[in-house]
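Just need the whole structure built from these sequences, with the hints factored in.
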Amino acid sequence: MTTEHTAEHWLGRSVKRKEDDRFLQGRGNYVDDINLPGMLHMSILRSPVAHARINSIDTSAAEALPGVVAVVTGDLLAQHNLAWMPTLSGDTQAVLATDKVRMQGQEVACVIAEDPYIAHDALELIEVDYDPLPVVVTPQQSLEPGAPVIRDDKEGKEDNRIYHWEAGDPEATERAFAEADRVVSLDTFYPRCHPAPMETCGCVADVDPVTGKATIYMTSQAPHVHRTVFALVAGLPEHQIQIISPDIGGGFGNKVPVYPGYVVATAASLLIGRPVKWIEDRTGNLISTGFARDFYMKGELALRNDGKMLGLRVNMLSDQGYAYADAQPSKLKAGLFHIVTGSYDIPAAHVVTDGAYTNKAPGGVAYRCSFRVTEASFFIERLVQTAAYELGMDPAELRRQNFIKPEQFPYTSATGFVYDSGNYEAAMDKALEMLGYEDLKAERERARGEGKLLGIGLATFTEVVGAGPSKDYDILGLKMFDSAELRVHPTGKAILKIGVQTQGQGHETTFAQIVANELGIPPQDILVQHGDTDNTPYGLGTYASRSTPTSGAATAVVSRKLRDKARELAAHLLEVAPEDLEWTGDRFQVRGAPDRQSTIQEIAFAAYTNHPQGMEAGLEGVTYYDPPNMTYPFGTYAVAVEVDRGTGQWKVRRMVAVDDCGVRINPMIVEGQIMGGLTEGFAMAAMELITFDELGNCIGSTFSDYLLPTSWETPKFELGETVTPSPHHPIGAKGVGESATVGSPAAFVNAVVDALAHAGVRELEMPIGPDKVWKALVEAGLAE
Amino acid sequence: MYPASFEYVVPATLEEAFDTLGRYEDDAKVLAGGMSLIPLMKLRLAAPRVLVDINRLPGLDTLAAEDGGLRIGALVRTRTCERSDLLGGRWGTLGAAAPLISDPIIRNLGTVCGSLAHADPQGDWGSALLAMDAEVVARSPDGTRTIPLGELFEGPFETSLGPTEVITEVRVPDPGPNAGGTYLKLERKVGDFATVGVAVHLSMADGKVARAGIALTAVGPTNLRATAAEEQLAGAELTDEAIAEAARLAAEAAQPYSDTRGSADYKRTVVRVFTERGLRTAAGSVGAAVGSARQGSAGGEPATTEASLEATERHDYFSGEETVGGVMDELRDKPGGPDGGER
Amino acid sequence: MKVTVTVNGQERSAEVEPRLLLVHFLRDKLRLTGTHIGCDTTSCGACTVLLDGTPVKSCTMFAVQADGRDVTTVEGLAAGGKLDPIQEGFKQEHGLQCGFCTPGMLLASKALLEENPDPSEEDIRWALSGNLCRCTGYQNIVNAVQWTARKLQSDSATTGAS
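Protein chains in written order, with the numbering used here: chain A, 1 to 784; chain B, 1 to 343; chain C, 1 to 162.
Keep in mind that the hints were calculated from the coordinates and are not lab data.
Since we're looking at a predicted model, the values are computed, not measured.
Each residue gets a CB set at the ideal place from its N, CA and C atoms; glycine is no exception.
Treat the hints loosely; a few may be bogus.
[Stated by the list, open to error] Reference excerpt, derived from the structure (chain A facing chain B, CB under 7 angstroms, subset only):
#1 117
#2 120
#3 281
#4 389
#5 590
#6 592
#7 594
#8 597
#9 647
#10 687
#11 712
#12 713
#13 771
Set out below in structure tokens:
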């Protein structure tokens with residue numbers, strides 16, 4: 001009897017998440033939930049001033065407080081060569097200040113006590129004598145001749161320059177500009193903001209006094225890299241360090257750098273012989289950990305009168321804070337900012353980037369930026385919108401005319417990126433149709449006649465993610481491959497161990513789906529393990545939307561390796577030649593005799609009980625995947641806003657988002673990622689800001705000042721998709737975690753500007769608070 | 001995140017509370033909702049030696065309209081005000097303010113009187129109650145006195161209360177049946193303090209304004225009365241010109257300073273815009289016609305109808321919700337959702 | 001001072017300093033770590049618990065204030081291994097990603113549904129505006145609450161319960 005059998009499909013399926021059960025019942029295991037016997041608590045004393053010499057630190061009263069076990073200062077660390085540590089960009093950053101403090105909020109001393117309340121009481125008893133120094137709060141200031149040298153700890157350093165890096169072809173770009181009919185320029189600023197995940201950073205460091213093994217529970221998006229860095233910094237042998245990222249309450253790039261708190265807690269645990277917990281408070285998180293953006297961008301687009309783009313010039317100045325500490329591929333000093341030609345076929349481009357020190361927290365690459373693609377995408381989409389106004393063209397038509405066409409892929413951009421695949425026009429047309437673009441434009445005209453302000457903003461972005469091919473991509477020399485190790489048990493269940501680290505992206509479900517798609521083992525039968533460096537293969541971690549492109553690819557590849565072995569086992573079981581077997585999705589069938597079959601579960605059992613002589617037992621493998629290229633997700637976002645002429649408040653009426661991330665493993669999870677990203681884009685456009693006064697005081701170090709939108713302000717999203725698979729990814733997926741954060745801020749800003757554009761307004765700086773809109777309304781003669 | 005140590009006292013009677021307050025004076029603080037005090041203590045910006053928790057004292061949770069006025073006891077939570085059917089109509093200014101205060105969870109514990117005692121110039125209750133001529137009843141071991149709100153607020157976070165005085169209730173005089181009002185708040189997001197807030201209250205008689213109350217949030221060292229604007233409206237007909245003039249005077253009364261929320265000029269503009277919109281809404285709620293002096297309003301067609309007031313004044317924006325009394329009902333009836341748009 | 005709080009139906013007592021925040025009492029003394037801490041300024045709502053059925057921010061209350069009162073934390077929602085409908089709703093509608101804000105969201109949502117069994121999208125967004133989320137963009141959380149409302153209505157229709 002022939003049995004009809006159709007295997008289940010596991011890609012493109014909105015499988016409910018396996019990780020939800022524990023989170024829903026309050027049984028997540030976040031770092032602050034960890035409680036070890038004898039555990040101590042650490043608090044950090046932070047500098048109130050932005051730039052000052054430290055004359056003295058008196059910790060005696062703090063040390064005398066009952067319940068305080070130790071107070072650590074930079075001097076103590078210096079004795080163990082730990083006062084400074086390397087950053088992920090090859091610079092150095094202070095663990096605890098020794099000579100100077102270089103930012104408000106810098107770590108100056110740590111108290112380790114029996115309980116966190118006492119640890120904070122003791123902070124008030126530490127006396128620090130500061131000698132204030134002149135403060136530098138902008139990179140323009142810091143690059144002026146005669147500016148105070150912030151990194152005078154570096155021998156021979158006489159200025160505040162960090163890097164200068166260029167991409168593209170200056171001569172070709174010059175020629176393009178010489179030929180152009182029109183040159184449109186934009187001078188804009190992407191302000192400092194912060195990923196602010198709901199869970200702050202922290203660790204529990206447990207150095208066993210007997211074995212010397214350091215087990216560090218840490219909010220880490222990249223546990224293996226952190227382990228290697230710890231080994232290099234602390235001089236602990238790497239096999240004696242185990243980094244465990246348990247559940248992480250959001251990362252968004254905030255949990256990629258190594259922070260002083262981790263280092264001091266570990267050193268303290270080593271010296272004291274007891275576990276030490278450090279959980280950062282929100283102020284510490286906002287004032288000192290990896291911020292995002294703070295990029296000044298000026299550039300020009302050269303065009304023909306008919307709208308054809310000929311060339312692009314961009315100058316960028318980055319405020320890196322007091323240390324060059326963000327994480328980016330080591331050869332690319334400004335990350336992937338040179339993707340700034342975006343979705344357009346621009347024949348010539350020249351990008352010049354400079355980084356400078358200031359008296360602020362170190363960082364810059366964070367908050368779902370894909371290594372500075374947020375900044376690049378924002379810039380080009382704002383510039384193109386401006387060009388449309390200058391040329392009197394519809395912003396959609398100007399874009400359409402210049403899009404890279406489907407037949408041009410793989411497309412080599414003027415700055416050297418090789419875009420894998422795309423169909424930009426299809427995504428834009430879909431978004432315009434969903435929006436009802438033509439009707440909305442007509443409504444905008446009518447509204448203007450009635451004295452109402454309606455604006456429409458577009459952003460047609462192309463992202464570059466999946467870092468990355470080893471020939472070009474490394475962090476601190478560690479090549480940016482990623483990994484997957486798969487083992488199938490005798491009863492047909494499996495364990496998948498991966499080198500990346502979820503912080504809410506749902507890897508326990510989606511990666512199981514990848515295996516299920518290749519081997520037919522249902523996702524609920526696959527345990528996905530990550531975050532424990534003793535028990536997972538080496539990986540570079542999760543950020544920059546790289547997990548699916550790298551570790552996801554590795555997962556598909558290792559699954560296929562196992563399927564190849566499964567074929568041999570099935571052939572042995574069924575006594576046929578391997579070539580006579582057909583794979584149906586979850587079993588091998590004999591060609592022409594489909595009732596002769598072996599399910600994957602039967603094959604797995606045989607791997608341990610009935611493998612052919614000469615074959616190794618077991619069914620497992622490990623793959624380290626070196627991606628051949630990056631992947632290029634893209635999309636179109638369209639926003640309609642209304643502006644109140646009396647108060648300057650603006651409100652999103654419609655927000656349409658069409659994304660193309662290639663093959664979608666789990667549409668529900670993909671849409672969740674997109675909506676989260678759109679909310680962050682809205683937040684940056686509307687309200688998020690970390691700023692500093694001229695004394696370097698940080699404004700934006702609590703949630704009273706650093707504003708996150710609630711469910712009430714956040715708009716509703718209408719989502720659409722197109723699917724243009726990646727030709728080089730094993731399952732055609734591209735990654736999507738950051739697309740919405742990258743692409744949407746420009747859409748929101750373009751919409752608000754558009755509401756006022758008929759009166760000549762071209763630029764509004766983020767965050768666009770009602771006061772800024774009001775000012776523009778007054779200047780444009782549009783105020784109520 | 002970790003407050004300093006303190007002693008905690010839970011008096012069973014007001015007299016016991018006075019006992020402790022008398023002993024410790026400025027070193028003791030009264031704890032009701034705690035939604036202003038405890039955040040300060042966590043940041044160690046406040047470190048009282050003693051907290052006197054009045055939450056278990058009986059008889060302090062009255063919210064009732066009695067002869068002569070409205071009584072709001074010391075333990076009446078903002079949440080209760082938000083849900084009360086009482087605070088519409090003539091008390092509409094209060095009903096409009098309640099849902100706009102802080103966020104819904106904080107409203108569950110925060111108290112009206114606690115907000116007044118805290119005297120934050122960015123506090124909303126102060127303006128809503130000032131606009132309605134409210135006074136507080138303050139009790140101490142030495143007796144009881146009533147303090148008009150205008151005399152209660154002395155400066156930012158400073159009141160005229162003595163160290164042993166406790167506000168036991170706030171009283172609002174009955175403005176009569178031909179009265180109503182609203183509260184408008186511009187906040188950058190829910191939970192942020194007001195950039196600007198304007199409370200408006202009108203009592204009408206014979207088609208004219210008998211009494212106007214206009215009070216301003218976050219544009220001065222305390223909640224401020226826009227007295228000149230109120231006086232200009234008293235006895236006047238509500239014409240477009242009168243409203244515009246009152247709005248202009250209210251803006252003049254404001255004393256804003258420039259900060260990250262906006263320039264002083266911006267805030268003054270919002271005071272003007274909100275006063276104007278608030279007066280129209282208040283007028284609508286009492287069914288008062290807003291005419292134009294040029295056309296002559298007596299006996300004429302009203303220049304705006306209540307329906308068109310609704311259409312022009314209703315904002316579905318994410319802040320500055322303008323509503324008449326009965327806020328929760330209006331919210332339920334809103335079309336479209338928070339994006340406020342037709343689909 | 002000694003405090004006795006009924007937590008998830010069980011009487012729990014401990015010796016505490018007056019300054020011990022309720023959230024620390026729950027997390028550190030009772031080892032109920034489902035209630036989370038996300039900020040220092042009472043802004044985020046990750047610490048939301050139900051006090052006598054009403055949502056409060058447990059980071060801005062002292063444990064001593066809860067003496068003799070009833071507290072429900074996220075751990076008190078599921079009964080006998082079965083998820084509460086609100087938990088089911090969040091799972092069905094993908095109303096969580098990293099899970100950190102989720103306990104607060106669940107409890108605030110549950111309290112909303114008890115007061116308003118058929119909330120509109122606006123009602124939900126209004127009621128949850130004291131709970132911040134960085135991952136979801138809130139839309140699926142709204143969907144989750146509405147899913148739960150429908151389920152509760154159809155359950156009570158089926159059982160004939162009012």
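How the hints compare with the structure:
no., hint, result
1, 117, "5 angstroms, holds"
2, 120, "4 angstroms, holds"
3, 281, "5 angstroms, holds"
4, 389, "25 angstroms, violated"
5, 590, "56 angstroms, violated"
6, 592, "57 angstroms, violated"
7, 594, "51 angstroms, violated"
8, 597, "52 angstroms, violated"
9, 647, "5 angstroms, holds"
10, 687, "6 angstroms, holds"
11, 712, "5 angstroms, holds"
12, 713, "4 angstroms, holds"
13, 771, "3 angstroms, holds"
Hints 4, 5, 6, 7, 8, counting from the list given before, are not met by this structure.
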